[in-house]
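> Protein chains in written order, with our numbering: chain L, 3 to 354; chain U, -11 to 248.
If you are wondering where the hints come from, they were derived from the structure by calculation, not from laboratory data.
You may find that some hints are simply not true.
Stated by the list, open to error - Short, incomplete list of chain L residues facing chain U, as computed with Cβ under 10 Å: (1) Ala18; (2) Lys49; (3) Arg77; (4) Asp78; (5) Ile79; (6) Gln84; (7) Ala87; (8) Leu88; (9) Phe89; (10) Met92; (11) Phe100; (12) Gly101; (13) Ala145; (14) Ile152; (15) Leu158.
All residues carry an ideal CB built from backbone N, CA and C; glycine is no exception.
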Amino acid sequence: MTEVSIEKLTKTFGSARAVDGISVRIANGEFISLLGPSGCGKTTTLKMIAGFEDVSGGAIRFDGQDVVNVPAEKRDIGMVFQNYALFPHMTVEQNLAFGLEMRKVAKPEMRSRISRVLEMVQLTGYAERYPRQLSGGQQQRVALGRALVIEPKILLLDEPLANLDAKLREEMRVFIRDLQRRVGITTVYVTHDQAEAMTMSDRVVVMFGGRIAQIGVPADIYERPENLDVAQFVGQVNLVKGTVREGGSDGRCAVETTFGVIEVHSARMHAPGTAVTLTLRPEAIELGAPGKGAKGTVLSSYYSGSLIDYRIELEGGDIIHTQAFPHNRFADKERVGVYAPADRFWLLGAAA
Amino acid sequence: MSRKVLTVYCLLVYAFLLAPILVVVGASFNAGSFLTFPPQGLSLRWYVTFFNNEVFMRAIRTSLWVAAVSTVISTLIGTAAALYYVQHAGRGKEAIRIAMLSPLLLPEVLTAISLLFFVYSVGIGTQTMFAMIVGHVLITLPFVFINVSASLETFDPAWDMAARSLGAGRFTRFRRIMLPLIKPGVIGGALFAFIISFDIFTISFMLKGIGTSTLPIQLFDYLRTNFTPEAAAVSTVSIVLTLVVVIVSEKVLGLRIHRF
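Whenever a hint applies, use it, and build me the whole structure from the sequences.
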């Protein structure tokens, strides 16, 4: 069981800074996701933790010990790769045994550990199969088993679900999450899929351009994004322009918007009259008969089974997106009341 | 209809490729005294003559020895070169490839003459087998290089990383992961090297020392003054030898590629 501490970690390729001085502390047994678009430095960070990429600056500590100069094969990590990277010339059992052989584990113990892990990844009876005889999901579970059977200090996963189809991906999310909880291993998970990061992680690290944009529990990231990039990356968002009416020194701030005066949280003082932007998630919006909330007109709607997406033009010309359950249907051009509870608005830059 | 045409076409290609071999093999069982086809009666007498011919026997031993030694050297150098080429060569990659393949682009006779000049100017000469083996390695190296680099291109670097994360050092990773996975390429390259070395004429002719004729040279010498079916027997034996090498290594070492 290991606590990982990353301090001012930097990676430069020539003059480009792929990872630019990031710091994160990962608690013992925590599941943390590095989330961001491709090229944001998340995979490079993972590779530096694993030891596959040299560090240009900063420190990586496992339980306080700097491992920057420890080669990958001595770091005692378990890693799952995007394409699984199972050894094709070895059976499932041989794949699982490889790491144990490297650790000179005695034969009887090896056998019992392998069968325990096979049971854990629900592949009992597949020991003699070759990777090519398994489905994508099964191969993924072998890869997970191979990484866990050595009982490593930390588990690293590099977009492990990217090659699976949508349905299997959702099953595997739950599977990996449950397994991680049961084993209680410190885990770093790299993904560009925000839903994956949200559903699996204890905390999410959102990265852009080699830097950390925000670290927080999934609800913080989604409901209280620190800036526009984060807000937009983790889901659809409406931007509501407003003007500060009253700055408030008590951490509150009243903002005048098309939805009326909204009182939002803000750690920073804002002078009255300052132009600010509030975020509002599409599913936070309720549509109803005109009268409640702002006035709007339905522009178009998209039916997707469980939900209907509406595009609504507000009085004043702003266009917002909403998501609603299909029990109330609105026709195009229909006039509606657009309402959202005050606590679903979020002032960007509030934390600064 | 078109299927029939295709079948006939294939048969013609096979005939074109195999007829000369069949003629040679057939002629080797000749009972007569001259190299003719169809044979005049069946007999093994020319095989008996061949196996009792000390000059030919020595040539065949020389050929096998030279082929074996140059195959081992070629395989070691060619595999190492391919490893560097695929995994480490940065900007110079294309230059390395052309350099490695250049013996194929140069006419063999030019390679032979330059080597001859070289070995005499540095004082090695052709008294030993050294010069000939260098020539054979030079000619066979590209075949090993091509085969091994092709199989290395399909080697996923993630396998190496996975083995590293599991605690395997450099040597263990090479022995347990990379070598088994590129084995078909290495063995295929070595087989090419062996068969080609066994068949090389020009290089051997220029660089051989006294009394170290290889089989192709001895055969050429023989045919200049004789025209007996013994020549066909020699050829047949060398065809069989080559086939045996291919089949045995396929069975013992395995040429099958791992399917993914």
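> Can Lys49 of chain L be said to touch chain U, with a Cβ gap under 10 Å?
Because about 9 Å separates Lys49 of chain L from the closest Cβ in chain U, which is inside the 10 Å limit, the hint holds.
> Let's test the interface hint: is any C-beta of chain U closer than 10 Å to that of Leu158 of chain L?
8 Å, holds
> Does Ala145 of chain L hold up as a contact with chain U if the rule is Cβ-Cβ below 10 Å?
With a closest approach of 8 Å, the Ala145 of chain L hint holds.
> With chain U as the partner, please determine if Gln84 of chain L meets the hint condition of a C-beta pair closer than 10 Å.
8 Å, holds
> Close enough to count: is the Cβ of Ala18 of chain L nearer than 10 Å to one in chain U?
This hint is violated: Ala18 of chain L lies away from chain U, its Cβ roughly 17 Å from the closest one there, beyond 10 Å.
> Hint check: is the beta carbon of Leu88 of chain L less than 10 Å from a beta carbon of chain U?
Leu88 of chain L check passes; min Cβ-Cβ to chain U is 8 Å, inside 10 Å.
> Tell me if Ala87 of chain L is really an interface residue toward chain U, meaning its C-beta lies closer than 10 Å to one of theirs.
This hint holds: Ala87 of chain L lies near chain U, its Cβ roughly 4 Å from the closest one there, short of 10 Å.
> Close enough to count: is the Cβ of Ile79 of chain L nearer than 10 Å to one in chain U?
At 6 Å from the nearest chain U Cβ, Ile79 of chain L passes the 10 Å test, so the hint holds.
> Holds or violated: is there a CB of chain U closer than 10 Å to the CB of Arg77 of chain L?
Nearest chain U Cβ about 8 Å off; hint holds.
> Go through the hint on Ile152 of chain L and say holds or violated, using the shortest Cβ distance to chain U against 10 Å.
6 Å, holds
> Should the hint that Phe89 of chain L touches chain U count as held when the rule is a Cβ pair under 10 Å?
With a minimum Cβ separation of about 6 Å from chain U (threshold 10 Å), the hint on Phe89 of chain L holds.
> Can Phe100 of chain L be said to touch chain U, with a Cβ gap under 10 Å?
5 Å, holds
The structure fails to meet hint 1 from the earlier list, while all remaining hints are met.
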